[in-house]
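Trainee: Letter by letter, the chains look like this.
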Amino acid sequence: MKTPIKTKEDFSELIKVITSECQYKAPLAFGIARVDLGQLNPEKSLQATYPVVNWSENFGSAAVFISALQDQGIEIDFSKNEVVYDINLDFIEYCLNAFNPFLDEATGSAHKNIQVISAIKEQMLTGFVEQGEFKVCFIFEDAPLESVEATYLKLYAISLAKVGLRKINLNGAFGALPNVAWSEGIPIELEYLRENEIMLKVMDEYPHIDFVDKFPRFLQHIIPADNTRILDTSKVRFGAQLAAGTTVMPGASYINFNAGTLGTVMVEGRISSSAIVGANSDVGGGASILGVLSGTDGNPISIGENCLLGANSVCGIPLGNGCIIDAGLAILEGTKIIITEKELDKIHEVNLDWIPVDQLLNDDEELEQIDSENIFYIFKGSELQGLNGLHFRQNSTDGEIICKRSTKEVKLNEELHQ
Amino acid sequence: MKTPIKTKEDFSELIKVITSECQYKAPLAFGIARVDLGQLNPEKSLQATYPVVNWSENFGSAAVFISALQDQGIEIDFSKNEVVYDINLDFIEYCLNAFNPFLDEATGSAHKNIQVISAIKEQMLTGFVEQGEFKVCFIFEDAPLESVEATYLKLYAISLAKVGLRKINLNGAFGALPNVAWSEGIPIELEYLRENEIMLKVMDEYPHIDFVDKFPRFLQHIIPADNTRILDTSKVRFGAQLAAGTTVMPGASYINFNAGTLGTVMVEGRISSSAIVGANSDVGGGASILGVLSGTDGNPISIGENCLLGANSVCGIPLGNGCIIDAGLAILEGTKIIITEKELDKIHEVNLDWIPVDQLLNDDEELEQIDSENIFYIFKGSELQGLNGLHFRQNSTDGEIICKRSTKEVKLNEELHQ
Amino acid sequence: MKTPIKTKEDFSELIKVITSECQYKAPLAFGIARVDLGQLNPEKSLQATYPVVNWSENFGSAAVFISALQDQGIEIDFSKNEVVYDINLDFIEYCLNAFNPFLDEATGSAHKNIQVISAIKEQMLTGFVEQGEFKVCFIFEDAPLESVEATYLKLYAISLAKVGLRKINLNGAFGALPNVAWSEGIPIELEYLRENEIMLKVMDEYPHIDFVDKFPRFLQHIIPADNTRILDTSKVRFGAQLAAGTTVMPGASYINFNAGTLGTVMVEGRISSSAIVGANSDVGGGASILGVLSGTDGNPISIGENCLLGANSVCGIPLGNGCIIDAGLAILEGTKIIITEKELDKIHEVNLDWIPVDQLLNDDEELEQIDSENIFYIFKGSELQGLNGLHFRQNSTDGEIICKRSTKEVKLNEELHQ
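Protein chains in written order, with numbering that gives the first Met the number 0: chain A, 0 to 417; chain B, 0 to 417; chain C, 0 to 417.
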């Protein structure tokens with residue numbers, strides 16, 4: 000135990016000492032997690048629950064945690080991308096001594112890391128705590144993931160909107176996370192079920208399994224905003240990001256990890272991994288936004304604001320603001336889309352920077368002319384990506400997929416997002 | 000306490016006295032609810048569970064409940080649209096005295112309101128009852144909703160089929176109901192989770208959240224008919240109405256509140272708010288019936304009997320009986336649909352009252368003639384709404400959306416609805 | 000009780016004696032189940048949970064079980080298709096005596112039937128066991144189903160891949176299984192809920208209902224392979240078969256009983272009853288494979304290997320290997336599909352046995368020729384069923400549904416199926 004920390008000046012001095020050590024490195028992210036350990040392999044982490052997540056912040060607390068580990072003789076390798084350590088009562092006492100000047104202030108939204116330390120102390124003294132149940136995790140570099148704890152820390156950061164979607168490295172997540180059976184939020188090793196199947200079934204104690212996956216669900220870890228609605232917990236994977244006011248209906252919807260919304264959005268369709276939907280847009284019932292994991296060729300899709308993806312439509316290209324894809328229509332990168340010269344002019348008005356060079360200058364063959372008033376062009380879906388004010392339709396009298404300047408203003412029903 | 004009620008004549012006399020008071024007004028609906036109160040705000044109702052719902056019925060019980068309140072000095076304002084009062088043991092004892100002549104008969108399906116009173120007495124005497132946990136609610140006018148209790152009472156009335164779909168005023172429901180986290184049917188304030196997140200997570204007591212919404216689910220409150228199947232509770236919102244024999248599959252289906260079925264229906268798609276589906280119809284996998292909350296321009300959609308909405312079809316117009324929309328097809332109000340003269344004649348045979356005046360007399364431009372045997376007309380989807388025997392198809396050799404007289408008889412697999 | 004069995008030779012001798020009785024018949028399938036009995040009708044089975052299922056195997060154990068029943072005076076009618084009997088401690092003791100030489104070896108994956116017997120003995124001696132809670136079921140003939148126990152036994156056999164999909168007789172399953180409310184895996188009679196609704200609701204003990212159906216869910220009974228993922232338990236019905244590595248997403252997917260996958264498959268759509276999907280295929284978001292219960296005319300659909308059903312596509316015909324249906328496209332038995340002569344030649348190269356006789360020789364009217372280089376044929380969907388290497392597309396400039404030789408190789412993202 001170091002010298003008692005009595006004042007905030009003492010604390011500042013302590014932090015200065017800790018962080019001035021030559022190999023010291025401030026972490027990109029850190030937090031203390033309660034970890035669910037394997038039933039058969041208690042040294043294996045199955046899930047990490049963080050009461051508080053720190054992302055490029057609270058460097059003082061990070062320094063205290065690092066110092067508390069070093070005080071127990073643990074040598075921290077700051078050259079690693081991520082490290083995870085068990086914590087014990089000595090760690091907790093070291094931290095409480097360091098945080099001493101702030102203990103009284105640590106309530107509500109103030110000093111949450113200190114609140115975590117206090118809560119763990121109480122749990123260690125009054126409850127049952129398994130060996131290795133509480134761990135501290137530091138991420139020093141935004142590199143491919145190796146541990147369950149670091150993977151959860153990054154997924155938390157995304158779901159808590161501490162980092163933007165598609166902004167951090169999630170490679171390795173599938174490898175780091177074990178595939179487990181989930182029962183009421185508790186992960187269970189599949190092998191444990193196999194080994195105990197006969198006894199559990201005979202004793203009527205076979206657990207009720209909600210799902211089997213590597214990832215938990217968003218609502219197991221995240222408290223949504225007051226006006227956010229998720230009508231079925233299975234519909235949002237942990238690692239998704241939902242802006243306040245987003246409503247996720249239970250029909251055919253799904254929001255994968257590293258995907259989500261930037262504002263009030265009605266979600267009745269699929270927002271695949273890496274897809275982002277802008278404010279006031281409506282992903283209609285069964286609509287599908289293709290993702291990078293399976294679907295597009297690695298080109299992540301952003302949908303702008305005030306867009307409408309009609310029921311059962313499929314969107315395989317990025318869209319700007321104010322776009323509409325009609326119900327049942329699939330607009331993919333290779334879809335050929337007809338635009339009349341008149342509509343092209345209108346589309347230009349809201350996309351001044353857009354110069355469809357190849358199209359207008361080179362692809363003469365694609366230019367067709369029916370009569371003097373009816374000049375039109377054929378574009379590929381990928382050539383229209385990211386433009387504003389597009390309305391994709393299929394002409395039901397000849398099957399042509401056409402694109403016009405959108406005239407309808409997309410508006411969400413405000414009552415549904417209060 | 001009033002004078003003892005010993006005979007059924009005494010009871011009749013009591014009711015006469017109560018209801019003859021000048022301001023007395025018989026309620027449109029009433030019931031006694033067990034109410035889930037806020038964890039942080041115990042004066043706030045989060046959910047109201049009614050063991051019995053009365054809709055334009057059981058006026059004697061209503062009179063007793065009102066009199067029991069007045070007996071405690073509560074002045075009931077009959078000019079209000081809805082009122083809600085806490086009930087206590089005195090209220091219960093007053094009612095039991097009044098119901099005395101019927102107590103012995105109150106079992107099974109007889110005198111259910113009395114059974115509720117008796118059960119609450121037992122619970123108050125032997126269990127733990129929170130202040131305000133039991134409340135009585137009266138609705139005097141079918142007006143916009145104000146309280147959680149009245150909102151639940153109306154949603155119960157719809158889900159119990161005591162009133163028809165789209166028949167009562169549900170305005171204000173979204174404003175009346177708080178958005179909460181639901182755990183095993185128990186509503187939890189989101190702010191409670193936020194305030195206690197650290198402790199709950201550290202102690203491994205963070206609740207398992209099934210969903211976050213203002214509305215509960217149908218199966219939390221309603222017992223379906225013996226031949227009704229709901230394969231996933233998330234798929235039917237409270238306030239939906241399901242006729243006996245309806246099957247709701249877990250794929251892409253959803254039935255919103257104030258929507259549902261009028262007979263045996265196979266539901267594998269979305270029945271949006273305000274949409275109604277007739278007996279023996281089949282809403283195919285992923286099919287979407289647009290609703291008034293988002294989708295149509297406020298024109299609620301009814302689907303007739305023996306209709307088939309093919310897999311992934313979209314229906315944006317009302318349909319009569321015996322209609323088919325082919326798989327993958329979207330029929331919206333503005334969709335242009337081609338009907339040959341020959342098929343038009345056949346459609347007329349099953350829609351004798353239908354005179355497509357505008358179409359036949361005025362829209363000459365829409366009339367096209369290829370040769371003497373191939374006259375056809377172009378209709379908008381909205382012009383065909385509500386007609387019987389339509390079969391919508393897309394001609395896959397030219398992309399035309401056409402409509403013919405339906406020849407297939409839609410039949411459900413009886414085994415699936417036993 | 001028969002004579003003590005001390006050696007494996009004694010056991011062999013016992014089996015010889017039992018099985019040589021003239022009416023003795025080895026069962027096709029058998030197992031001992033823990034049965035959930037009706038709350039109101041305890042003589043009624045609601046669910047049968049088998050710790051171990053025997054399908055054309057372990058005939059020695061079967062003989063012991065049959066002999067144990069006969070020892071209690073039960074006369075087994077071997078001419079029946081299926082029989083079910085309660086078992087009691089005498090039955091257990093008889094079996095343990097017979098299995099005596101194997102008791103020490105009965106751990107892990109060895110002698111699982113003996114492990115079941117031992118576990119039941121322990122449960123009978125130390126826990127609470129209801130009358131009729133443990134039953135033994137024998138199926139002698141693959142005939143229409145009559146009992147809950149036999150139905151579960153067959154569904155187990157399919158879900159455990161002890162028999163192939165579509166290989167056994169499941170007729171009668173809907174009639175045999177009662178429709179019940181399921182709460183955390185426990186079946187509850189709907190009538191029980193009705194009779195006790197008032198008390199349960201007043202006491203705040205109304206059960207949380209997950210779903211109402213005749214069938215349970217796959218994950219209530221089956222432990223999937225380590226690399227299989229089912230992201231929502233509601234999405235796979237008991238009686239489905241999932242090959243290792245299959246991933247079932249939560250959006251619009253569903254796998255019905257007697258349907259499933261033969262290898263690593265990404266499932267984001269519906270695999271209806273009787274439909275089978277081959278290895279390395281991708282059922283895209285909201286894609287629908289029609290089933291025999293409602294949809295096709297009884298022609299069960301198999302999808303080959305390395306196929307891709309695009310998002311929101313509909314597949315109504317069997318497909319060979321390496322086929323693609325583009326997003327949003329519906330290919331049904333009656334869909335007319337255009338193939339140019341050039342593409343037809345390429346398709347022939349990978350379908351050497353295919354001779355579209357009727358088409359090429361007789362249907363001259365269907366043969367159209369635009370110019371010398373552009374000969375094409377029109378096929379019905381059903382005429383192309385089962386062929387390899389087809390790519391179905393809709394030409395977005397004229398609405399034609401065309402079929403080409405597929406050029407893209409369908410590959411699943413390996414990370415998603417580790």
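Honestly, I wouldn't trust all of these hints.
No copy is singled out in the list; a pair is fine if it fits within one copy or between any two copies.
[Unchecked claim] Below are the DSSO-like pairs computed for lysine-lysine, each with C-alpha atoms no more than 27 Å apart in a straight line: (1) Lys111 / Lys166; (2) Lys79 / Lys43; (3) Lys403 / Lys200; (4) Lys407 / Lys379; (5) Lys161 / Lys200; (6) Lys120 / Lys200; (7) Lys200 / Lys345; (8) Lys15 / Lys407; (9) Lys111 / Lys200; (10) Lys335 / Lys407; (11) Lys200 / Lys134.
Hint data in this document are derived by calculation from the structure and do not stem from the laboratory.
Trainee: When no copy is named, should Lys200 and Lys134 be tagged within, between, both, or neither for a Cα gap of at most 27 Å?
Mentor: between (34 Å within a copy, 13 Å between copies)
Trainee: From the Cα coordinates, with 27 Å as the cut-off, is the pair Lys111 and Lys200 best called within, between, both, or neither?
Mentor: between (43 Å within a copy, 13 Å between copies)
Trainee: Treating 27 Å as the Cα threshold, decide for Lys407 and Lys379: within, between, both or neither.
Mentor: both (24 Å within a copy, 18 Å between copies)
Trainee: Within, between, both or neither: how does the pair Lys200, Lys345 come out at a Cα-Cα threshold of 27 Å?
Mentor: Classified as neither: same-chain Cα gap 67 Å, cross-chain 55 Å, threshold 27 Å.
Trainee: If the cut is 27 Å between Cα atoms, do Lys335 and Lys407 qualify within a copy, between copies, both or neither?
Mentor: Both. Shortest intra-copy (23 Å) and inter-copy (18 Å) distances satisfy the 27 Å Cα cut-off.
Trainee: Between Lys79 and Lys43, at a C-alpha cutoff of 27 Å, which is it: within one copy, between copies, both, or neither?
Mentor: within (20 Å within a copy, 51 Å between copies)
Trainee: I want to check one pair: Lys111 and Lys166. Are their C-alpha atoms no more than 27 Å apart within a copy, between two copies, both, or neither?
Mentor: The answer is within: 25 Å in one copy meets 27 Å, while 51 Å across copies does not.
Trainee: If the cutoff is 27 Å on CA atoms, where do Lys161 and Lys200 land: within, between, both or neither? Let me know, please.
Mentor: between (44 Å within a copy, 20 Å between copies)
Trainee: At most 27 Å between C-alpha atoms: does Lys15 with Lys407 qualify within a copy, between copies, both, or neither?
Mentor: Neither: 59 Å inside a chain and 60 Å across chains, both beyond 27 Å.
Trainee: Taking 27 Å as the upper bound on the Cα-Cα distance, should Lys120 and Lys200 be classified as within, between, both, or neither?
Mentor: Between. Shortest inter-copy distance 13 Å satisfies the 27 Å Cα cut-off; intra-copy 38 Å does not.
Trainee: Taking 27 Å as the upper bound on the Cα-Cα distance, should Lys403 and Lys200 be classified as within, between, both, or neither?
Mentor: Cα proximity of Lys403 and Lys200: none, with 61 Å in one copy and 52 Å across.
In summary, the structure is inconsistent with hints 3, 7, 8 from the numbered list given earlier, while agreeing with the others.
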